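Peer 1: If you're matching them up, the sequences are chains A and B in order.
Everything in the first sequence is counted per this note's numbering, starting at 1 for the first residue and increasing by one.
Everything in the second sequence is counted per this note's numbering, starting at 1 for the first residue and increasing by one.
Certain hints may be false.
Any copy will do: because identical chains look the same in the list, a pair fits if it lies in one copy or spans two.
Derived pair list, reagent style DSS-like, types lysine-lysine, alpha-carbon separation capped at 27 angstroms [unchecked claim]:
1. K132 / K257
2. K138 / K264
3. K138 / K3
4. K221 / K264
5. K264 / K229
6. K221 / K2
7. K132 / K221
8. K221 / K3
9. K264 / K244
10. K90 / K3
11. K3 / K271
12. K84 / K228
13. K221 / K257
14. K271 / K229
15. K229 / K90
16. K221 / K84
17. K132 / K3
18. K84 / K229
19. K228 / K271
For the record, the hints were derived by calculation from the structure and aren't laboratory data.
None of the values given here were measured: they were computed from a predicted structure.
Protein chains: 2
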Amino acid sequence: MKKIAYLGPAGSYSEQAAIERCNSCEYVPVESIPMVASVVASGGADEGVVPIENSIEGAVTFTVDLLIHDSDLMITGETIVPIKQCLSAKDPVSLEDIEVVFSHPQSLSQCREYLGRNLPQAELVASLSNSKAVEEMKNSLARAAAISSQRAANINNVVVLRTGIEDFSNNQTRFVILSRVDSLPTGDDKTSLCFEFYDDSPGILSNVLTEFASRGINLEKIESRPNKKRLGLYVFLLDIQGHKQDAPVLQAVEALKSQVGMLKILGSYPKHRTLLEQK
Amino acid sequence: MKKIAYLGPAGSYSEQAAIERCNSCEYVPVESIPMVASVVASGGADEGVVPIENSIEGAVTFTVDLLIHDSDLMITGETIVPIKQCLSAKDPVSLEDIEVVFSHPQSLSQCREYLGRNLPQAELVASLSNSKAVEEMKNSLARAAAISSQRAANINNVVVLRTGIEDFSNNQTRFVILSRVDSLPTGDDKTSLCFEFYDDSPGILSNVLTEFASRGINLEKIESRPNKKRLGLYVFLLDIQGHKQDAPVLQAVEALKSQVGMLKILGSYPKHRTLLEQK
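One chain only, chain A, in its complex shape (with noise of 0.2 angstroms):
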């Protein structure tokens, strides 16, 4: 059975992508970001998932390090999650009384608005996950609540109080899958590729996507990165329409080679349809 490698514990929102990935696989929990990627690299897992954007926080800035600097995995996929945050508790109880909500620093952030407006006099309190939220709750002597997903909640067996507190509505995480074998062409694809300047003269940027440009192919995101070298120095990271077996992707790279420092292409991949697109 194909193996699929996830920063875990179950209840993720990353378990959810690699669920949705393949519904009849072997699921890999790992502890971290960069553990996906070793476990793929290493064969202990087909596949990994990993999350890389979210519509309300964007890029994934972990994620993207490790594709630009310390991987040489394919991404050869990518999924959708809406992204519902759930306030559970030990005992059904009242908003008003609760006095401590646990959970991951950007969860807290993400429904910052329901929590003043609703539990202005909880205490709020850091954890390093969501899932690990749920158990600091479950183990608080004080009258406390958790952030996390619906699905981290049933797994602890604690009780949902509201769902979807999110502040925002649409509220979705991108996730790539990686691998070590490459996708093939589809007629429905993008790339990702990333690329790094020698200088900064003025319009090098915008000589590159005229590349892309003059030839029809859209840009479908641009992300600058610190090369980590030096403040005010980045990587570029584009997601560009087509597989880079296309001739106008093929003719583009090639332009791209002598006009910058370093050019790496992190995959081609069929483009997540939502369930209404692929009807």
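Based on these hints, arrange chain B on the given structure of chain A.
Peer 2: Quick look at chain B alone, frame taken from chain A:
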């Protein structure tokens, strides 16, 4: 005396940036980045200091989103602070005897390799800020340590065990100064602006960048942020060379207006110069 608001408490890197901005001001610590902006907007302070970019982690997305969506303040300056993480405890203690390390998850992540090499036995516990981590360490019954700035350790009268434990030695954070009033041209300025497109046709971003490049205006930085309405739609944030009153910048911005949906100038301000460059 001029009042300058910053993300407190005393001992934070934001306080260091405030002191670097102005060494005989009244410093006003506040609890969050949005509160820095609202205190300045309401006249409770003349200026505010907020982190916007780190050389390792990249954009401080919270600040970038605030400037794009929720603030009419102008950026009137920038300053760069080196980040030196410091390990402290209540008493002098050997690293191998430490059972727990408190810090904000971002600081734990910045010291990941150091901790794995030198304190593999220690449990990592998340705090809401580095200053809070020092307090929690002081109150802990375990043999605990905290990661924070040296200043936060000194203010809290704890023992500094090690300094400079961050994994990347060139760790720096850029802060911007927010104000209700504009900064006048100095001859060595940069301008921050953001915009959003109506649609995502091929080449639209390269057309925009060409407006700057063709006028010899160097692009210092480009950042994309989710527009928070739909996954895959972005607001672009640009830092360009020159003041918004300079003729080439004025012309480029005029040319942009017909091509973009939303356009907002966040401010023109003198470039940060290191002590070396100032000589």
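Peer 1: Failing hints, ascending?
Peer 2: Numbers 1, 2, 3, 6, 7, 8, 10, 15, in rising order.
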